[in-house]
Structure formats: C-alpha cells, structure tokens
Amino acid sequence: MPRSPPAPKRPPPFALIATALAGALILVAGLLIALAFRDQAKGVAGSPLAAAIGGKFSLVDQNGKPFTDTDLKGKWQLVFFGYTHCPDVCPTSLNDLALAIDKLGNKKDQVGIVFISVDPERDTPPVLKTYVDAFGGPIVALTGSPEAVAQAAKDYRVYFAKHPTADGYDMDHSALIYVMDPQGRFTATFTPDTPPDDIAARLQKLLG
Amino acid sequence: MRPKLLALAASLVFAIAAGAQAQTGSVEIKDAWARATPGGAQTAAVYATIAAPAGDRLTAVSTPAAQQAGLHTMTMDNGVMKMRQVDGIDLPPGQAVTLKPGGFHIMLTGLARPLKEGESVALTFTFEKAGVREVNAPIQKIGAMGPGNTQGGMDMPMKH
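Protein sequences, first through last, are from chains A and B.
Heads up: the first sequence at position 145 corresponds to 145 in this note's numbering, and the numbers run straight through without jumps.
Heads up: the second sequence at position 74 corresponds to 1074 in this note's numbering, and the numbers run straight through without jumps.
It should be emphasised that the hints constitute simulated quantities derived from the structure, not laboratory data.
Errors might be hidden in some of the hints.
To be verified - DSS-like mimics (lysine-lysine), calculated; alpha carbons at most 30 Å apart, straight line: (1) B:Lys1082 / A:Lys129; (2) A:Lys73 / A:Lys129; (3) A:Lys103 / B:Lys1116.
Unchecked claim - A few chain B residues that face chain A, going by a derived Cβ cut-off under 8 Å, partial list only: (4) Thr1049; (5) Ala1051; (6) Pro1064.
Keep in mind it's a predicted model, so treat the numbers as computed, not measured.
Just so it is clear, CB atoms sit at the ideal spot from N, CA and C, and this is done for glycine as well.
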C-alpha cells in the first residue's frame, strides 16, 4: 500500500493558539504590574522601577557649566523635560514647581528643579538662562549635544520627537515630572496638571 | 401682476438682509486672554471662549504681536505632550467652545517682544460665516491657567 511521505511535523494549531494566548497573557500581566507600580508604589527608592529611571548623563547648564547626574545629588530634584518654544505645558509646569517649592517654607532649600531641553538645536545655554530667570525658582536648565540629550532622555524613559510645522517644528515629548531623592534615586512622579498645593504636600511628606 | 412681483422681490431682499444680519451678529468672543512669556520665549498661547448660536468655524487668527498666529490643539497621549496645527475650530450651534490650557489654543510664533503681564494682545479672528472680529486679550501672569485672577499663579485658591 503506497503511503504518502509523512508530512513535516507541525505543531497542531491549538498549540499555536495556546502559545499565542500565553504570550499575550504574560504581556498583559507585565503591563498590569508596571501600572500597579506607577499608581501605588510610585517607584519608592530601592524598588525595581527606581533603578530603571535615571542614570548617567553629561550636559551643560544655563551658565555653560558642565552638569552631570552626580550634580543631582545632595538635594531633592524635580526633573522635567521640555523646550522653550513650548507655549503651554512647559512654562506652566515650571511655574507650578517653583510655586510648590516656595510653599515648603524653611525646607525649600532642600529641593531643586532640573529642566532638561529636548530641543538643544534652539535651546542654547543663553536662551535657557533668560527663559528660566523668569520663574524665580531654583531652576537648573540643561542642554547639550543631541546625543547627550538623547542619553538623558533615555535614562528617564522620556520619549521625544520633532514634529515639523509650516514655519519650523514643535517637539512631542513626555511631560512627567520625576522626583529624585538626594541620593539621586527615582522616588515619585507628578503629572503637569498636579496642582502646586498637592505637589507641595507630597514633597513635605517626602522630606519628612 | 407687477405689484405682486415687487412685493415678492422686496420680501426676498428683506429676508436676505435679515439673514445677513443674523450671520454677522452670530459670534461672541468672551474671556480672551494670553499668558505672559518668560524672557527670550519665541512662542505664546492665547485662549478665549467663542459662541456661535447658529454655528460657525474659526478659520484664522492674526496679530501684530507675532510673525505667525496658528490654531493649535494640545493633547496628552500616554503622557506624551503633542501639539498639532488645525485648519479651523468648529463652533457647533449654541455650544460655546473654550480654548484653554490642555486643549485648543492660538499659538503665537515669532513674538515681536515678550508678553508682559498687565498688557494686552490685539488679535483679529476670522470666521467662515461671521467674517472678521477684533479682540483684545489681556495678558495674565506667567503661570496663569484661566482668564481671570481666580486661577493659577500665586492667587490660586486651595482646591481641597
């Protein structure tokens, strides 16, 4: 009796589906865990998420002085990425952060603001200097080579991209505000719409 | 039958005139305001509340205060801030549309000089049906989130 050659052994379709389902489940579970961390623990220093945010960078401040990740230490820092051509979220967030710090009374010297430009092409140190002087808070504004800025953004899991417009470009960018503790460890986040009073209250608690 | 024709013509003219009047009077711009800009800033945002009882569309804005004035929308997409130019802003009949932080705004690019709190920005709004309207937008403080001194900045009331 002639027999057709055995068909190449293929996993039955249900196995494929099961594998795909399992993969999808793992992804969803991972996402949920990530979300849970974001909402609950806010990445308390020492947690896995804390290690994932922040890292080495080498930029220059608004006075043209080098500023690296080690310069973050010794103070609580509110780290925020933006650009000076941004008319809405960037100035209001910087203003809110400066207001919040001002509400800390005798503890206000323990907190600083670090504004990192995602638009180094236009945001040179002199541009940043006149810009941040308007806010009156303890703001360090950083820029650097495109590579150096990209590195800092990568450290903080910040997405940014140029979006061309009729007369130039805008920048799309992640707008979270990261709270780093005096050891340079990621501790919490604020969103740009967090009211200054809430930011101040949270900082009071963190400062102890 | 001439008098009848004349009457018809007259009523037609009257109807058209009335219609035209309703159209030109059909847009109201309230609470226009701009936010003061930090030193050296090249851009600024202007906001307003616009009502068009019969419906209309804001198609353009111009100002002597900047080289360009565009209609923009700002969105937060998964924590990423994105600004996009739009061709116009629809004003549904009887529904006021508020340009406000985190949504639509008039984006000024290439400021002639920084916008200073207490001064104002002169703007010309162009509508599809209602034509042109002149608006003066008072400049609020640098962190302002609304038209008056009731929101934003140092005067912000406790939100609890």
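Here is what the structure says about each hint:
Between Lys1082 of chain B and Lys129 of chain A the alpha-carbon distance is near 25 Å, which keeps this suggested pair within the 30 Å criterion. Between the alpha carbons of Lys73 of chain A and Lys129 of chain A the distance comes to roughly 22 Å, so the proposed pair stays at or under 30 Å and holds. With a CA separation close to 25 Å, the supplied pair Lys103 of chain A and Lys1116 of chain B stays within the 30 Å bound. At about 17 Å, the closest approach between the beta carbon of Thr1049 of chain B and any beta carbon in chain A exceeds 8 Å, and the interface hint on this residue is violated.
At its closest, the beta carbon of Ala1051 of chain B sits 23 Å from a beta carbon of chain A; the interface hint therefore is violated under the 8 Å criterion. Hint status for Pro1064 of chain B: violated, given a least beta-carbon distance of 17 Å to chain A, over 8 Å.
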